[in-house]
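Q: Chains as they are written, first to last, in numbering that gives the first Met the number 0: chain A, 0 to 114; chain B, 0 to 111.
Hints in this document: simulated from the structure, not taken from any laboratory. Hints may be right or wrong, so weigh each one.
Claimed, not checked - Just so you have them, the derived chain B footprint on chain A, three or more residues with Cβ under 8 Å:
# : region
1 : 9 to 23
2 : 27 to 33
3 : 85 to 97
4 : 100 to 110
In this text the structure is predicted, and so the values were computed from the model without any measurement. Glycine residues also receive a C-beta, built at the ideal position from the N, C-alpha and C atoms.
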Amino acid sequence: MKSDFRARNHPAYWAFLAHRVSGVLLSLFLPLHFWALGRALQGEAGLDAFLRWSEQPLVKFAETVLVLLLAAHLTGGLRLLALEFLAWRDWHKSLLALAAGVTLAAGLAFLLNVI
Amino acid sequence: MYTRAQVLLWTAQRASAVVLAVCVIIHLVTIIYAIRNGITAAEILGRTRGSYAWCGFYAIFVAAVAVHAPIGLRSVLAETLNWRGAGLDLTVLATGLALALWGFRAVYAVFV
């Protein structure tokens with residue numbers, strides 16, 4: 000049977016999609032992250048030049064999105080590990096809400112500190 | 000792909016996920032704490048330069064990422080683009096090696 004959008008429109012499907020999208024975007028970001036840290040090979044000045052560039056509001060916004068992606072992938076991954084390796088408990092149904100809450104808290108904590 | 004190889008990839012994905020869970024929690028807490036008064040190269044390098052503890056931590060972090068990310072991308076590419084076979088496996092292997100080399104270079108850069 001071919002599943003249409005209605006069959007997919009439930010929280011677990013959106014969690015699956017969020018885990019995939021965050022994983023792909025984080026993987027694409029990694030080379031840039033490693034390149035930025037590698038600037039330390041040129042001394043403090045090399046790294047500082049990059050950090051000054053990252054002071055722009057748009058970059059800070061992008062950093063906040065990255066923190067949200069990282070937290071979402073972490074909490075979504077912990078949820079998957081719990082579902083796969085722990086015996087089923089009723090509270091597992093609440094893991095999605097918990098994952099979303101922790102993700103938002105991490106994003107907000109970063110945003111409040113970075114601005 | 001042989002079943003044994005699939006099982007190996009599945010196990011490596013979960014094992015690296017457990018390591019990454021610990022690393023990412025430490026990383027997120029460090030980022031959120033370090034960013035509170037703005038961040039400078041002196042601050043970052045003051046923490047990491049010559050520190051075998053941070054060097055070891057980031058080396059483990061990079062190694063786990065270099066295992067985890069390519070296996071995840073492999074699943075996404077196979078299921079989304081219906082890409083299978085040696086071409087996909089080689090691409091994934093090259094991605095893992097590149098991430099490891101690029102990542103260890105970054106760890107070295109903030110250690111020396």
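Q: Confirm or reject each hint.
A: These are the hints, each one checked on the structure:
1. Chain B is given as covering the region 9 to 23 of chain A, and this holds because 3 residues of the stretch bring a CB closer than 8 Å to a CB of that chain, at least three being needed.
2. Coverage of a stretch by a chain is defined here by at least three residues with a beta carbon nearer than 8 Å to that chain's beta carbons; for the region 27 to 33 of chain A and chain B the count is 4, and the condition holds.
3. Using a Cβ-Cβ cut-off of 8 Å, 0 residues of the region 85 to 97 of chain A lie near chain B, which falls short of the minimum of three, so the contact claim is violated.
4. Counting residues of the region 100 to 110 of chain A whose C-beta sits closer than 8 Å to any C-beta of chain B gives 3, which meets the bar of three, so the coverage hint holds.
Hint 3 from the earlier list is the only one contradicted by this structure; the remaining hints agree with it.
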